[in-house]
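J.: Protein sequence lines, in the order shown, are assigned to chains A and B.
Here the first sequence is numbered in the numbering used here, starting from 1 and rising by one per residue.
Here the second sequence is numbered in the numbering used here, starting from 1001 and rising by one per residue.
Because the hints were derived from the structure by calculation, they are not lab data.
These numbers were taken from a predicted model, which means no experiment stands behind them.
Keep in mind that the hints are not guaranteed to be accurate.
What the hints assert, rightly or not - Computed from the model, here is a short list of chain A residues facing chain B with C-beta under 8 Å:
id: 1; residue: Arg186
id: 2; residue: Gly207
id: 3; residue: Ala209
id: 4; residue: Pro220
id: 5; residue: Asp225
id: 6; residue: Val227
To be verified - Below, computed lysine-lysine pairings styled on DSSO-like, alpha-carbon distance capped at 27 Å:
id: 7; chain 1: B; residue 1: Lys1084; chain 2: B; residue 2: Lys1042
id: 8; chain 1: B; residue 1: Lys1213; chain 2: A; residue 2: Lys301
id: 9; chain 1: A; residue 1: Lys309; chain 2: B; residue 2: Lys1213
id: 10; chain 1: B; residue 1: Lys1301; chain 2: A; residue 2: Lys309
id: 11; chain 1: A; residue 1: Lys301; chain 2: B; residue 2: Lys1197
id: 12; chain 1: A; residue 1: Lys301; chain 2: B; residue 2: Lys1193
id: 13; chain 1: B; residue 1: Lys1301; chain 2: A; residue 2: Lys301
id: 14; chain 1: A; residue 1: Lys301; chain 2: B; residue 2: Lys1309
id: 15; chain 1: B; residue 1: Lys1301; chain 2: A; residue 2: Lys213
id: 16; chain 1: B; residue 1: Lys1213; chain 2: B; residue 2: Lys1197
id: 17; chain 1: B; residue 1: Lys1301; chain 2: A; residue 2: Lys193
id: 18; chain 1: A; residue 1: Lys213; chain 2: B; residue 2: Lys1309
id: 19; chain 1: A; residue 1: Lys197; chain 2: B; residue 2: Lys1301
id: 20; chain 1: B; residue 1: Lys1021; chain 2: B; residue 2: Lys1042
Glycine is no exception: its CB is placed at the ideal position from the N, C-alpha and C atoms.
2 protein chains.
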Amino acid sequence: MSRILAVGSVAYDSIETPFGKRTEILAGSATYFALAARHFAKVSVVAAVGDDFRKEDLDVLASRGIDVSGVESKAGRTFLWAAKYTDDLRGRTTLSTELGVFADFKPRVPPSQSAFPYLFLGNIDPDLQRGVHAGMERPSLVVCDTMNFWIEGRREALDRTLKVIDLLVINDEEAMLLSGEGNLARAAGAILKMGPKALVVKRGEHGAAVFGKGYLLFVPALILDGVVDPTGAGDTFAGGLVGCLAALGLGGRSALDETSMRLAVSAGTALASFTVQGFGVESLVGAAPAAIAERHAQLQKLAGWSGMKLPLGESA
Amino acid sequence: MSRILAVGSVAYDSIETPFGKRTEILAGSATYFALAARHFAKVSVVAAVGDDFRKEDLDVLASRGIDVSGVESKAGRTFLWAAKYTDDLRGRTTLSTELGVFADFKPRVPPSQSAFPYLFLGNIDPDLQRGVHAGMERPSLVVCDTMNFWIEGRREALDRTLKVIDLLVINDEEAMLLSGEGNLARAAGAILKMGPKALVVKRGEHGAAVFGKGYLLFVPALILDGVVDPTGAGDTFAGGLVGCLAALGLGGRSALDETSMRLAVSAGTALASFTVQGFGVESLVGAAPAAIAERHAQLQKLAGWSGMKLPLGESA
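Turn these sequences into a full structure, and let the hints guide you.
T.: Structure (structure tokens):
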């Protein structure tokens, strides 16, 4: 079974949407990523939590076959983000961001994990991303996420990171900001000159586009009833995507072919459809392989393909 | 060759976008509709223009095989709309709306056109739409557009119109407003109880969804460089869609099947991709069948289908 090392946040969120409110629930980019990717591959998480982090929350990951030996517990508070969404769930206001132990998080790759072939660099400081990359022996596929905060504030460091990755996964607003282009097609062209061999642009409820070598593809999002909390959808999407690529055994910069990327993006899309239907990870953790396959079948009907099959059940 | 009667506006627009400015150029919902639909079927337009309407603008339609015998010339000014778009082309401000002769437009179906099998009710007062419908003998497919203005101001009249149509084509904002639902899946479910047998929801640059009997499908928009003016994209889309359905020979409420609707929506999408790449109709009028087929091939690659072929070249 393929092994993925994922660095990012394991955190708490306090979330309010028109459908309810939750306080200090399990969250974080690496959490969502791992809970999605574990359906396809064995995931090891590198992160830091505070001494307030509840054991039962670590067990949510560990009991599902996710390797949490790289999650360091440090004196201090766990990263806590609080936000309130607008009535249509399309906008949100950050109420507070308390970095806690995440403020001086220096991720270290455990020696036993340095030879893993798949590396996911979650949304952290680009220098830290590159440090994790340097701690790996020779990953065959490096996937990276980033956000406006780093694009605006740490551009030179980010430019260096972009040169060592294979696949960048960001949303359309970030693609515009990173490229300085107001048009997505031109933005993607500019970004592909910065280093990545392929670019996935997430468009939320509308779907995702892949700009690859010699191809351009689009996968719609499922049109869902019962959406209650969009938090974590993007990280879940990345987890399904990278997990699927790992299960397919795809490594190397030339391997991000069109057919595999369509399947991988549809895997991410299917997984993310669960995340948004519950607060935090509550719907995602309950998604069984049969239910994921059913969502994927719905997605195929929506998009008009047939015959694709997710490499589910590769996990322990 | 199938015949379509289309009622709507033939008008002038004054448009400013970050890419330029045009004053009093040929526009209107029926204009865009007809210039797209004519690639698949014979279109007759019912509209009213003022005595200021330039003959060369009517010739833009007539010289392309569009029947303009139902376009009445009346004393007064042609409908003129002026708008300015935001830098990202996603928002716009209406600067002025001068209804002119459109203010007391009472569309009449020419007797020679009352037996046409396909009817497109463009975005006008719902009572006028129903009047046109009543003037037709027994259309086998009735497609309707509407907008916020009628949904908010003429709801009872609109409700009556919705009961006589087969297919409603609106954007997602209008679908939410019409249904009172904040979620698209629920909005569509509610609208399908109001009368239409199928619903097409336009999502602009993101694509379009069809909610039909026993199916749900999505067609992405092309990811385009060189977008300069989005005006008329929705009307062009409707023209390609209805034209394609007419060329396929689809009439009757049971005929809006999934395969045909996917092809028809992709026809509309391919045509609309030209409209947005020029001001007004300047790019649309120059789109040759081979170029439209090429756009459709690009769309198939983007969406991941294969083997579909547009019924192009059915026009005179």
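J.: Under the criterion of a CB-CB separation shorter than 8 Å, is arginine 186 of chain A in contact with chain B as hinted?
T.: 6 Å, holds
J.: Was the hint right that alanine 209 of chain A lines chain B, CB cutoff 8 Å?
T.: Check passed: Cβ of alanine 209 of chain A comes within 6 Å of chain B, closer than 8 Å.
J.: Measure nothing beyond the straight line between the CA atoms of lysine 1213 of chain B and lysine 1197 of chain B; if it is 27 Å or shorter, mark the hint as holding.
T.: Roughly 7 Å between the alpha carbons, so the hint for lysine 1213 of chain B and lysine 1197 of chain B holds.
J.: Below or equal to 27 Å on CA atoms is what counts here, so check lysine 1301 of chain B against lysine 193 of chain A.
T.: 23 Å, holds
J.: Return the status of the interface hint for glycine 207 of chain A: holds when the least beta-carbon distance to chain B is below 8 Å, violated otherwise.
T.: It holds, given that the least Cβ distance between glycine 207 of chain A and chain B is near 7 Å, below 8 Å.
J.: Does lysine 213 of chain A lie within 27 Å of lysine 1301 of chain B when you go C-alpha to C-alpha?
T.: 14 Å, holds
J.: Is lysine 309 of chain A close enough to lysine 1213 of chain B, meaning Cα to Cα at most 27 Å?
T.: Judged against 27 Å, a Cα distance of about 26 Å means the pair holds.
J.: If you draw a straight line from the CA of lysine 301 of chain A to the CA of lysine 1309 of chain B, is it 27 Å or shorter?
T.: Holds - the C-alpha atoms of lysine 1309 of chain B and lysine 301 of chain A are around 19 Å apart, at most 27 Å.
J.: Under 8 Å, Cβ to Cβ, is where proline 220 of chain A needs to be relative to chain B, so tell me if that hint holds or is violated.
T.: 4 Å, holds
J.: Tell me if the straight-line CA distance from lysine 1084 of chain B to lysine 1042 of chain B falls inside 27 Å.
T.: Between lysine 1084 of chain B and lysine 1042 of chain B the Cα gap is close to 33 Å, so the pair fails against 27 Å, i.e. violated.
J.: Given the hint that lysine 1213 of chain B pairs with lysine 301 of chain A, test it: the Cα-Cα distance must not exceed 27 Å.
T.: Holds: lysine 1213 of chain B and lysine 301 of chain A sit about 14 Å apart, inside 27 Å.
J.: Within 27 Å, alpha carbon to alpha carbon, are lysine 1301 of chain B and lysine 301 of chain A?
T.: 16 Å, holds
When held up to the earlier numbered hints, the structure conflicts with 7 and 20 and fits the remainder.
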